[in-house]
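Top to bottom, those sequences are chains A and B.
If you're matching positions, the first sequence starts at 1 in the UniProt record's numbering and goes up one per residue.
If you're matching positions, the second sequence starts at 1 in the UniProt record's numbering and goes up one per residue.
Warning: the hint list may mix true and false statements.
Simulated DEER-style distance windows between Cβ atoms [what the hints assert, rightly or not]:
1) B:Leu-232 - A:Gln-85: 53 to 61 Å
2) A:Asp-195 - B:Gln-218: 32 to 40 Å
3) B:Leu-232 - A:Val-111: 42 to 50 Å
4) A:Glu-305 - B:Arg-215: 31 to 39 Å
5) B:Ala-79 - A:Arg-63: 44 to 52 Å
6) A:Arg-82 - B:Val-82: 54 to 62 Å
7) B:Leu-310 - A:Asp-418: 47 to 55 Å
8) A:Gln-85 - B:Ala-161: 51 to 59 Å
9) B:Gln-218 - A:Gln-526: 35 to 43 Å
10) B:Val-169 - A:Arg-126: 55 to 63 Å
Simulated from the structure, these hints should not be mistaken for lab results.
Predicted model, so just to flag it, every value in this text is computed and none were measured.
Even glycine gets a Cβ: it sits at the ideal position worked out from N, Cα and C.
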Amino acid sequence: MTALLELDGLDVAYATASGARRVVHSVSFDVQTGEVVALVGESGSGKTTTSSAVLGLLPAGGRLDAGAVRLSGTDIAGWSDRRLQGVRGARIGYIPQDPVSSLNPVRPVGVQLADTFRIHGRRDPRDIRNCVLELLERVGLDDPALRARQYPHELSGGMRQRVLIANAVALEPELVIADEPTSALDVTVQRRILDLIDELRREHGTAVLLVTHDLGVAAERAERVVVMQHGRIVEQGTTAALLDAPTEAYTRHLVADAPGLAEQPFRHPRPPIYLRDAGVAAAENPFALVASGLSKSYSLGRGREPFRAVDDVSFRVLRGTTHAIVGESGSGKTTTARIVSRFVTPDSGRVELGGTDVTQLSGAAKREFRRRVQLVYQNPFASLDPRQTVAEIIAEPLRNFAVGDRRERAVAAQRLIDRVALPADVAARRPTELSGGQRQRVAIARALALEPELVVLDEAVSALDVTVQARILELLERLQGELGLSYLFISHDLAVVRRISHSVSVMRRGRIVESGPTEQVFRAPQHDYTRELLDAVPGRKAIA
Amino acid sequence: MSAPVEITPRADAAASAASPAIALPGVDGSVPTPAAAAALASPLGRGIRGIRGLRGVRALRAQHLSLLVAWLVIAIVVAWAVVPWLFTGQDPIAGVPAEKLQGPSLAHLFGTDAIGRDLFTRVVYGAVHSLSGAFVAVTVGLVAGTLLGVLAGSLGGAVDAVVMRLVDVLLAIPGLLLALSIIILLGFGTVNAAIAVGVGSIAAFARVARSEVVRVRQADYVEAAFGSGARLHAVLARHVLPNSLTAVIGLAALQFGAAILAISTLGFLGYGAPPPTPEWGLLIAEGRNYVATSWWLTVLPGLVVVVVVLSANRISHSLGRTR
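I would like the entire structure built from these sequences, with the hints used as guidance.
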């Protein structure tokens, strides 16, 4: 039986100043009818290029050098755009990665879906309208008639991704290529979207090529996995075989680094030292940070109820441990982080740092407070000044507080670079020359420059690939051990939280719904919402 | 500003890979440090170079010719202003009445005017007046406008509102009218004309500077700087200004062309330098009585002005693009 899709020795190159640079090297794999195959790799591994090549949608400068793309036995590799139009949408559907930029913002989504039918030869407007409404209902959008009239900005990220899925399956193609369909979404939304793709596949027997960097997602959803690195296929096989006994070192790495898959012991705070004088130990304040009753509302304009971003939030961070705040986007976790790091002043509540109230600090006292709490941002591409060198960036906090002279600060910067395991020669480079993981290390080094008591990490590893993420988490753990730091770790990713944190608070709509030691919350969740979040972690089923 | 980007001829494109430093540096205007050059030798650096080099070569093919010509024009005109005697051996003020109103020839490239002065010589010697005028005008606009814009953008609130409304008022007055009113207040003359033109461009500079400052102020790295204990002035000097000035400098190049035109206009109307100063606008004004008989008196100086203004615009465009 011929495979539905068969790639045979695919070579793709991009034209560069120095001639063609090959990014995909003789990639061969196939997808059978009704099968889900996951294409897994880090960013830059060539997985997206491979999937674009199938549809003939390579970006400008990209060229298919060799190999065949056989769709039910017919080689479509050399086809013109005109000929491929009969294939795209009709026989192969495509779900893009970014639901925000993939829909035309000035046209209602219903009209955009109708275009798909119109392009492929349907003419009767009433017929098209019915098809669009039926389609929107099928992808699980309530009130299709209303949704069809709405513009993309009126829909949430998950809804937009549903519209894109509707577009991909509109003509009931035999194959759907999903390029990181859920990377931009919250875990619970991610699960619902993946469930939807599964469901549509079961109903219509559509095959799916799932492109993802997350081995957890692949493990849970795919029957077979193809692992790519540096534009080559490293390993491929059935999901179970590949996860149980990966033969290649790189695959083993991926499995170990995937936060949802690794079964690591929970972290526990170190027990107190019994040999110390009990009186001294009792007199010490064991908490680095105590937040109690924090609230913050934002006005939505006259006559409207103010939006309560943070509503009566309390938590404590034990010295030398990591406390995580978990929640989806809009849960108020970032606002909480910003209150703690004093970029936002709460309407009510107290933040105590090492026993002193810091909520009402301003002016010079607030500046002095900056020495004790540092914030690491989510996006290392935005949090470093592109015009400074790495050494300048890291030494800046020292310069602000006039610590040492110029030469001493340079030495200190070099020591910090070493501490976060960056090569010594990055000191003179600029952030634009560094990778995302390296930049985040620079940001961490800057946060450590003033030897703070508490580091607030706001989604600090969310923008990174799983392998890079694993290295940064290891670094954070090591630094905590060496320097006795306390972390407030803000994340939407439970798998990461499980790995790094000692205790956790789960936030939803500005309130904390559950908190406790990580092990307790993960093993015996009390609140429905926590359970829902835990169930949504990709890869959990695969190991359970 | 960045010197003319070094040109890699097409046939040489492949060779540029072997010598990585050629295509890369000039393109984004950054000066490569030795360490950065060393970084390029690493595998990571190679990837970056591949992408940037590609953009560089394409950009060069598309724009290098016109950009090179633009820089050449500006270089020649600056040379006219600095060492005019190298370009012509004749006197810009004293004429030879016997040779009046001659058409362009080898002896008189641009012909001669009504009292026998060599027009090319007058254009060459006039460069210093027009260029220094434009320079003064741009400096006035750049300094005052940027200051207002940075102030409004970084302080926000009431300061922002008041400053920007003042700027709106400035914008609402037609440029020429504003310049004429200021000259009438200050008195005639090249410098006063230049200041008048400069005041007219304050609004544009203030708006661009403010929008850039507002954009940069929202960047994470600015908040991170405050978060690491920096004071407002340190953040402005270290992060906000360096990151927002590129667009302002692009605008300065654009305004340079516009200022030459505006000063020439004022000279033409008689509000600039008094005769017999060979200022470009004045040259055109003097020639207008002879348009029917001696076309070169207006057309050739006019063409010089047009070419210089276009060149300044072209350079400004390239500054904006390589940001």
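Each hint, compared with the structure:
1. B:Leu-232 - A:Gln-85: 53 to 61 Å: At roughly 57 Å between Cβ atoms, Gln-85 (chain A) and Leu-232 (chain B) fall inside 53 to 61 Å, so the hint holds.
2. A:Asp-195 - B:Gln-218: 32 to 40 Å: holds (37 Å)
3. B:Leu-232 - A:Val-111: 42 to 50 Å: Between Leu-232 (chain B) and Val-111 (chain A), where Cβ atoms are some 49 Å apart, the hint holds.
4. A:Glu-305 - B:Arg-215: 31 to 39 Å: holds (32 Å)
5. B:Ala-79 - A:Arg-63: 44 to 52 Å: Taking Cβ atoms as reference, Ala-79 (chain B) and Arg-63 (chain A) lie about 47 Å apart, which means the hint holds.
6. A:Arg-82 - B:Val-82: 54 to 62 Å: Holds: the Cβ-Cβ distance is about 60 Å, inside 54 to 62 Å.
7. B:Leu-310 - A:Asp-418: 47 to 55 Å: holds (54 Å)
8. A:Gln-85 - B:Ala-161: 51 to 59 Å: holds (54 Å)
9. B:Gln-218 - A:Gln-526: 35 to 43 Å: holds (40 Å)
10. B:Val-169 - A:Arg-126: 55 to 63 Å: holds (57 Å)
Of the numbered hints given earlier, the model fails none.
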